[in-house]
Amino acid sequence: METVIRFENIVKEYNMGKISVQALRGVTAEIQKGEFVAIMGPSGSGKSTLMHILGCLDTATTGSYWLEDQEISKMKKSKLSAIRNHKIGFVFQTFNLLPHLNIRRNVELPLMYSGMSAAKRKVLAEKVLADVGLADRLKHKPSELSGGQRQRVAIARALVNTPTILLADEPTGNLDTNSGNDILSIFSDLNRKGHTIIIVTHDSAVSERADRSIKIIDGLIVE
Amino acid sequence: MAISLKESIQVGLSDFWSRKIRSLVTVLGIVLGTMSVIVVLAMVNGINQQTLSWMMERGGLAKITVHRNWEYDGDGNERDYFTLKELFHIRELLPEAQFFNPETNDWGRITYKDKFYRNRVQGVVPDYQYIEEWTADRGRFISEFDIDQNNDVIVIGSTIKNELFANNDPIGEFVTFNNRRLKVIGVMKHRYLKNNFNVGNDNSLDYLNRRSFVPISTMVNKITGKDVINSLTLKAKSPEAAPDLADKLENILLNIRHGENIFNIESAQEEAQEIERNAQTFRMVFFLISIISLLVAGIVIINIMLATIQERTREIGIRLAVGARRFDLFIQFLVQTILVTFIGGVIGVATGFSILNIVSRYLEFQLIAYPGMVIAAIAVSVGVGFLSGIIPAIKAANLNPVTALRYE
Ligand SMILES: Nc1ncnc2c1ncn2[C@@H]1O[C@H](COP(=O)(O)OP(=O)(O)OP(=O)(O)O)[C@@H](O)[C@H]1O
Ligand SMILES: [Mg+2]
Numbered sequence: 001m002e003t004v005i006r007f008e009n010i011v012k013e014y015n016m017g018k019i020s021v022q023a024l025r026g027v028t029a030e031i032q033k034g035e036f037v038a039i040m041g042p043s044g045s046g047k048s049t050l051m052h053i054l055g056c057l058d059t060a061t062t063g064s065y066w067l068e069d070q071e072i073s074k075m076k077k078s079k080l081s082a083i084r085n086h087k088i089g090f091v092f093q094t095f096n097l098l099p100h101l102n103i104r105r106n107v108e109l110p111l112m113y114s115g116m117s118a119a120k121r122k123v124l125a126e127k128v129l130a131d132v133g134l135a136d137r138l139k140h141k142p143s144e145l146s147g148g149q150r151q152r153v154a155i156a157r158a159l160v161n162t163p164t165i166l167l168a169d170e171p172t173g174n175l176d177t178n179s180g181n182d183i184l185s186i187f188s189d190l191n192r193k194g195h196t197i198i199i200v201t202h203d204s205a206v207s208e209r210a211d212r213s214i215k216i217i218d219g220l221i222v223e
Numbered sequence: 001m002a003i004s005l006k007e008s009i010q011v012g013l014s015d016f017w018s019r020k021i022r023s024l025v026t027v028l029g030i031v032l033g034t035m036s037v038i039v040v041l042a043m044v045n046g047i048n049q050q051t052l053s054w055m056m057e058r059g060g061l062a063k064i065t066v067h068r069n070w071e072y073d074g075d076g077n078e079r080d081y082f083t084l085k086e087l088f089h090i091r092e093l094l095p096e097a098q099f100f101n102p103e104t105n106d107w108g109r110i111t112y113k114d115k116f117y118r119n120r121v122q123g124v125v126p127d128y129q130y131i132e133e134w135t136a137d138r139g140r141f142i143s144e145f146d147i148d149q150n151n152d153v154i155v156i157g158s159t160i161k162n163e164l165f166a167n168n169d170p171i172g173e174f175v176t177f178n179n180r181r182l183k184v185i186g187v188m189k190h191r192y193l194k195n196n197f198n199v200g201n202d203n204s205l206d207y208l209n210r211r212s213f214v215p216i217s218t219m220v221n222k223i224t225g226k227d228v229i230n231s232l233t234l235k236a237k238s239p240e241a242a243p244d245l246a247d248k249l250e251n252i253l254l255n256i257r258h259g260e261n262i263f264n265i266e267s268a269q270e271e272a273q274e275i276e277r278n279a280q281t282f283r284m285v286f287f288l289i290s291i292i293s294l295l296v297a298g299i300v301i302i303n304i305m306l307a308t309i310q311e312r313t314r315e316i317g318i319r320l321a322v323g324a325r326r327f328d329l330f331i332q333f334l335v336q337t338i339l340v341t342f343i344g345g346v347i348g349v350a351t352g353f354s355i356l357n358i359v360s361r362y363l364e365f366q367l368i369a370y371p372g373m374v375i376a377a378i379a380v381s382v383g384v385g386f387l388s389g390i391i392p393a394i395k396a397a398n399l400n401p402v403t404a405l406r407y408e
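Just so you know, the sequences run in chain order D and P. 1 is the number of the first residue of the first sequence in my numbering; add one for each residue after it. 1 is the number of the first residue of the second sequence in my numbering; add one for each residue after it.
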């Protein structure tokens, strides 16, 4: 098996004036290529904090993090944008689409920052949107779509740069059961096609679909 | 490598349109600033041009005139006028003066048969026509010979010719002025200069067409009978030589009047320089005011852009999350600010020109705008955008992705 993610003794400390909070208190794990991993744990346990570090949106206070063969924890912050652009697809609980752009342009965004020509990225964005079942909504603004559809746009945007890992932080948290299940099926499909997926969830139904679960309590991995 | 400039401009433009009102408020200062620069400078240029062309019409910049100094309040021991002999003496002391014309006036009726016209008649020498660059276009002007001989001749203005002679040929006819029979030897060329201020007559020079001219000797010796000459006009060889000539003349006059400051000497060149200096001062003051208002406009723009970035924190977070570099965001917001001020500058220049258009239609006033003014106005707008865009752009570029995404 090929290891995609390896992190050791990750500590994340938030300094707020005099008090400092340790959101992660030394966590270690490995994730293999093609795995579908669920991260579970009570609210405030540090799940999102870990996801942000894995997604290169934030850096650990101490500890090391390898993504494929690159040691992210030793990289300069300025390099991280390229990693986010090429290797990471991130799906948020709150969709995080740009409201004034139509959905095709939303999906094109990562391609624009990787320097792809307008014509090419249009074709690619349309293809990925078709893959998530939104071929007929290209010109719609996010506000004209349902929550489930918006989350599919977000997934399309996460996939469009063919990332190494797909991270999702409670992607069904803002959805009703039905559209939540739709979204989870998309993740299962993607996993079957070979994508490495890490998903944060409160829902034990999700963890049943996953290959394995990582449980975090109070900033530590417990199983 | 950042995303292309074209991409940044597109993003900036779509932002501009999706927030039209805010964008317009942002650039109001720039619009007003560039607009008033265009309008005011065009007016200043126009007034300058107007004044200079008037001075050129009135004998050019080499002209020097001497009048009684009305502020002089002496004991009355010195004469406050010239005699003819005195003037011939002064002429000899000033060989560098190209032309030299003493002048004295009398008012009265010019009568021809049963018609008369009341106006001023000037006693002059032949140099008058060269100083004023104006002469008879029918018959001839007064000659040296007329001066020597105290000839009873007169050259009449075009209005007088029309009033007294209608369409008949006046040359060789006799008119009477203050009981003196004078032979008409010429008619002055008609003078015209459009009056751009639209008050009174539409010809600013019409008063000249009502004048007539006789030899100064005839005037002094036969018409008034008083050897009293009140004014003197000279012309230097060039405008540049005029100030020196004026200085020399001033010394001579002080000398013959024993240091009493009885006469005023005006040099057209010095007046023109004075006008230019005033215009320069005005431009400087206006320039400073413009700088201050641009500064204020810049501060307003910084504030609004900072607020915009605050509002768009989440968007910035999203862009960072999908791989935007800090430099991309820096450029995006800088370009956007510059775009906004550029559009403001263009609107300002356009409204400035519309105002000029309307104003000049009603004033019939010549307003002079140079292409350089447009380029400068727009360049300054872009410069203000650049300077006031930097701080907000840095702020946008330095946001932390996670904090930005959490922003509600
Ligand atoms: N920017 C921050 N500044 C200070 N403290 C923070 C910050 N972000 C997170 N924390 C703290 O770190 C801890 C972990 O937060 P995190 O968001 O990772 O929890 P979570 O497991 O994702 O919870 P939830 O299930 O509610 O999303 C919490 O105590 C939280 O208050
Ligand atoms: Mg969370």
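If you are wondering where the hints come from, they were derived from the structure by calculation, not from laboratory data. Beta carbons: idealized from backbone N, C-alpha and C, even for Gly. Please note that a few of the clues may not be correct.
Said to hold, decoys possible - Under 10 angstroms between C-beta atoms, here's a sample of chain P residues computed to sit facing chain D:
(1) 15
(2) 243
(3) 257
(4) 328
(5) 405
Said to hold, decoys possible - If you anchor each label on the Cβ, the simulated ranges turn out as follows:
(6) 391/P x 3/D: 30 to 36 angstroms
(7) 209/D x 311/P: 50 to 56 angstroms
(8) 79/D x 394/P: 42 to 48 angstroms
(9) 311/P x 127/D: 31 to 37 angstroms
(10) 79/D x 370/P: 31 to 37 angstroms
(11) 376/P x 127/D: 26 to 32 angstroms
(12) 299/P x 220/D: 37 to 43 angstroms
(13) 296/P x 193/D: 44 to 50 angstroms
(14) 209/D x 391/P: 31 to 37 angstroms
(15) 3/D x 394/P: 35 to 41 angstroms
Hints and how they fare:
no.	hint	result
1	15	8 angstroms, holds
2	243	67 angstroms, violated
3	257	84 angstroms, violated
4	328	6 angstroms, holds
5	405	7 angstroms, holds
6	391/P x 3/D: 30 to 36 angstroms	45 angstroms, violated
7	209/D x 311/P: 50 to 56 angstroms	39 angstroms, violated
8	79/D x 394/P: 42 to 48 angstroms	20 angstroms, violated
9	311/P x 127/D: 31 to 37 angstroms	33 angstroms, holds
10	79/D x 370/P: 31 to 37 angstroms	51 angstroms, violated
11	376/P x 127/D: 26 to 32 angstroms	50 angstroms, violated
12	299/P x 220/D: 37 to 43 angstroms	51 angstroms, violated
13	296/P x 193/D: 44 to 50 angstroms	59 angstroms, violated
14	209/D x 391/P: 31 to 37 angstroms	49 angstroms, violated
15	3/D x 394/P: 35 to 41 angstroms	39 angstroms, holds
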